[in-house]
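All chains, please: the whole structure from these sequences, using the hints.
Chains as they are written, first to last, in the working numbering: chain A, 1 to 343; chain B, 344 to 872.
Derived by calculation from the structure, the hints in this document are not laboratory data. From a predicted model like this one, the values you see are computed outputs, not experimental measurements. One should not assume that every hint holds.
Said to hold, decoys possible - Per label pair, the in silico range of CB-to-CB distance: (1) A:A158 / B:R485: 44 to 54 Å; (2) B:R723 / A:A187: 36 to 46 Å; (3) B:H668 / A:L113: 45 to 55 Å; (4) B:A727 / A:L72: 38 to 48 Å; (5) B:G809 / A:R208: 30 to 40 Å; (6) B:P449 / A:V144: 16 to 26 Å; (7) A:G161 / B:P449: 30 to 40 Å.
C-beta atoms are modelled at their ideal positions from N, C-alpha and C, and glycine is treated no differently.
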Amino acid sequence: MADAGPARVPTLEAIDEKFGPPEQTDQPSGYFRRMVDADWLRRNGVYATLALLIGVNVVITDNFVSSNTLRLQLVQVAPVLIVALGMALVIGTEGIDLSVGATIALAAAIIPLYIGYGAPGAIGLALFAGVVTGSFAGLLVAGVGVQPIVATLGIMVAGRGVANLLGGEIKSIRDPAIVSLGTDSVAGVPYVVVIAGAVSLVVWGVVRHSTYGRQLVAIGGNKRAAELAGLPVKRVLATTYVVSGVLAALAGVLLAARSRASDPTKIGLLMELAAITAVVVGGTPLSGGQVRIVGTIAGALLIQIIGATLIAHDIPDSTAQMVQAVIVVAAVYVQLGVRRANR
Amino acid sequence: MPGGADAIDRPANSATSLLETVGVDKSFGGVRAVRDVDFSLAAGEIRALVGENGAGKSTLVKVLTGVYPPDAGEIYFEGEPVTFCRPLDAQHVGISTVYQEVNLVPLLSVARNIFLGREPRGRLGLVDVDEMNDRARAITARFAIDLDVTEELGRLGLGAQQMVALARAVSVESRVVIMDEPTSSLEAREVATLFKVARNLRDEGVGLVFVSHRLDELWQLCDSVTILRDGRNVHSGAMADLDRLTLVSMMLGRDVDEVVEHGATEFGDSHLQGREPVLSVSDVEVRNRLHGVSFDVRPGEVVGLAGLLGSGRSETVKAVYGALHSQSGSVEVAGRRIKPNSVRGALRASVAMLSEDRKAEGIISDLSVRDNIALAVLSRCSRAGFVSESAIDRLVETFVRRLQIKVSSPRQKVRELSGGNQQKVLLARWLCTEPTVLLLDEPTRGIDVGAKSEVQALIDELAEQGLGVVLISSEMEELVEGADRIVVLRDGHVEGELDGATLSSSELLAALAGDIDTADALAQEHADG
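Quick look at the structure:
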């Protein structure tokens with residue numbers, strides 16, 4: 001345990017007696033102060049931009065400041081956020097998970113098929129689909145050593161194929177419990193939003209305080225060093241893909257519940273891009289070693305509000321996608337700037 | 344030997360000089376990697392380029408091949424001054440490089456690789472495969488290499504791949520071929536073939552530069568030698584005029600007749616006698632790297648591992664720690680055999696290893712000093728899957744003070760620290776694990792003098808507390824003064840052991856150089872087996 005044997009780890013008093021009180025030097029030099037600006041932008045750019053965007057909308061968009069608008073935005077962002085939280089963990093390990101969209105489709109296809117087992121049973125099975133796809137990705141990445149982008153690309157294609165096979169055409173969902181999950185609220189807050197909030201809180205806690213979270217960040221920062229320090233690198237990597245898979249499946253359940261239907265060819269399409277965008281815009285570097293959960297939440301909100309703003313002003317969808325692209329490039333550029341300054 | 348010893352070391356711009364540098368300087372951020380180096384290579388000559396780590400070999404090679412433009416000095420090719428701005432410029436005048444890592448395309452055929460970028464074209468501008476294969480066969484036949492040129496390169500052994508790289512160098516009609524450690528991953532038989540090809544090239548008038556850490560190979564292959572130390576050319580001359588001891592002493596910068604220094608082993612050996620070894624390594628084999636390495640470490644003992652670059656020092660501690668895959672052999676800690684090839688197994692048996700590569704294998708630069716120190720004990724400082732911050736704080740505070748790590752706060756990013764403080768952070772990481780065996784690979788490399796003596800004092804103190812320490816250092820003084828006993832490695836074998844009366848700089852120097860007769864016998868034995 002932490003308290004070491006007396007022979008090995010001396011007491012603080014003994015050390016002070018021997019060496020005198022601790023010195024404190026090695027302050028950041030001018031060189032490191034210079035990069036603070038770039039670093040500040042990476043850390044806080046997303047919050048500043050979000051605040052600015054909300055401010056602009058308050059002025060130019062009618063009915064922006066209303067509980068209905070707020071509720072709609074939050075309901076729409078919830079599934080993206082849940083997927084993005086899993087993605088943030090994966091990106092923290094210097095990986096990427098392209099299979100989330102397919103997992104969503106798979107989970108959504110399972111709901112109408114197995115609703116005969118009751119809502120909890122169907123939801124349980126849907127989440128288990130996330131465990132399966134995640135385990136598969138984890139096995140390929142951690143066990144076999146396939147590059148994350150290749151491994152999850154394969155699952156992305158195969159997973160949606162299986163979803164189509166299972167689900168076939170669009171199926172509507174009428175089970176009252178599931179419909180209620182997608183539409184009802186508790187104390188004015190939609191269930192969907194409550195769930196996204198709870199997941200955010202849990203993931204935040206895991207990253208900051210759990211052994212797994214700390215190991216994950218260390219592995220993303222320097223995998224070789226983590227291996228030499230005896231960290232269970234493979235187990236942590238595999239677990240991370242399973243977590244991402246389960247969160248994607250949860251998002252799939254919520255999406256199906258909200259739309260009261262499941263269309264395996266469409267549901268969750270391009271979700272991987274939305275999630276990656278939220279994570280990167282939120283300041284988590286693609287090079288791994290850091291996971292910024294609050295930033296990811298702000299990133300997801302930022303993209304949601306940009307889309308909503310453009311729709312409110314009758315700007316076509318294609319333009320919205322281009323705006324999203326510009327934001328991702330800008331965010332990645334800011335990170336590159338920081339890395340260069342650190343060199 | 345055509346173009347042998349008499350053809351070398353002519354003055355600048357002499358007609359026989361094929362490639363020559365005069366007063367070449369190259370610095371990186373204030374560190375002068377190469378200083379005022381004169382280097383000359385004649386046609387039909389094989390010149391060895393030797394030096395320890397950081398001597399400037401690879402920098403000089405990169406200047407010669409146009410990767411780095413020199414800060415000062417001139418390069419002459421056949422007596423004409425040349426400027427290489429890019430590697431392509433050097434290739435155009437006929438300088439080819441064969442690297443340790445083959446930089447060809449493994450999925451293409453041998454012939455395609457030889458003619459990559461210059462494939463013979465047939466009708467419609469398509470590659471004329473038959474013509475290409477015929478020409479490739481002609482080239483490989485010249486060197487008596489027996490291989491199918493239509494075979495995928497990646498299916499060949501590393502040695503054969505090196506040969507193809509050489510064949511490519513020949514087919515572009517290179518005048519100079521630079522071989523940067525071409526033999527380091529080859530089997531003895533492959534080395535022999537490579538040498539045959541190199542000699543053929545020499546006989547055709549090509550100039551070759553041969554960089555290798557295997558000393559025996561120098562006398563087998565090379566006509567002449569240039570020795571670099573600390574970026575300077577300390578000796579140029581015929582290979583035959585040097586013996587091993589002189590060569591090694593010039594590489595290391597030690598006088599052969601240096602006064603005998605006694606190891607400052609205050610405890611002597613007496614208190615160590617009779618104690619059961621805490622670490623017992625037997626017959627560890629790592630393919631192409633280690634050939635049956637065995638040694639013991641008793642508690643309270645500092646055992647130095649000495650050897651020139653490429654002798655297998657780092658490989659030995661890595662194999663013991665399970666970080667380098669070994670084919671056979673066993674490692675026992677306090678009499679119990681530990682799980683082979685498992686870092687976690689080694690750590691559980693309370694073995695810890697400080698890697699020589701602080702950046703790539705040590706620090707996690709994005710994390711704080713605190714998280715870096717606690718890395719190896721994260722799960723031990725956890726309860727029910729959550730980290731006990733107070734337990735970590737206690738450990739970190741203890742070691743930051745104990746090792747006098749200079750930080751503004753434990754939450755400071757480790758990348759902001761000086762090299763010496765980063766090294767102390769890593770030492771703290773390993774001491775947190777309460778090791779009984781500590782493997783230290785170059786613990787004082789690249790750190791300032793103050794930190795260095797603190798680290799050395801710490802090693803002594805840890806040994807006094809009863810740890811078994813294995814110490815690797817390129818600095819002879821550090822080994823002679825710090826170690827109770829020195830195990831000398833050469834080409835992956837334990838060459839001998841120094842202790843007590845034989846523990847001195849001059850004895851170590853002689854052991855590092857090795858007796859040439861024994862060395863040849865060993866090489867022969869290895870080639871036969």
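These are the hints, each one checked on the structure:
For A158 of chain A and R485 of chain B, the Cβ-Cβ distance of about 51 Å falls inside the hinted range of 44 to 54 Å, so the restraint holds. Remark: the range hint 36 to 46 Å for R723 of chain B to A187 of chain A is upheld by a beta-carbon distance near 43 Å. For the pair H668 of chain B and L113 of chain A, the supplied restraint of 45 to 55 Å holds, since their beta-carbon distance comes to about 47 Å. The hint said 38 to 48 Å for the Cβ distance between A727 of chain B and L72 of chain A, and at roughly 40 Å that hint holds.
For the pair G809 of chain B and R208 of chain A, the supplied restraint of 30 to 40 Å holds, since their beta-carbon distance comes to about 38 Å. About 19 Å separates the C-beta atoms of P449 of chain B and V144 of chain A, a value consistent with the hinted range of 16 to 26 Å. Checked against the hint of 30 to 40 Å, the pair G161 of chain A and P449 of chain B passes, with Cβ atoms roughly 32 Å apart.
The structure fails none of the hints (numbered hints given earlier).
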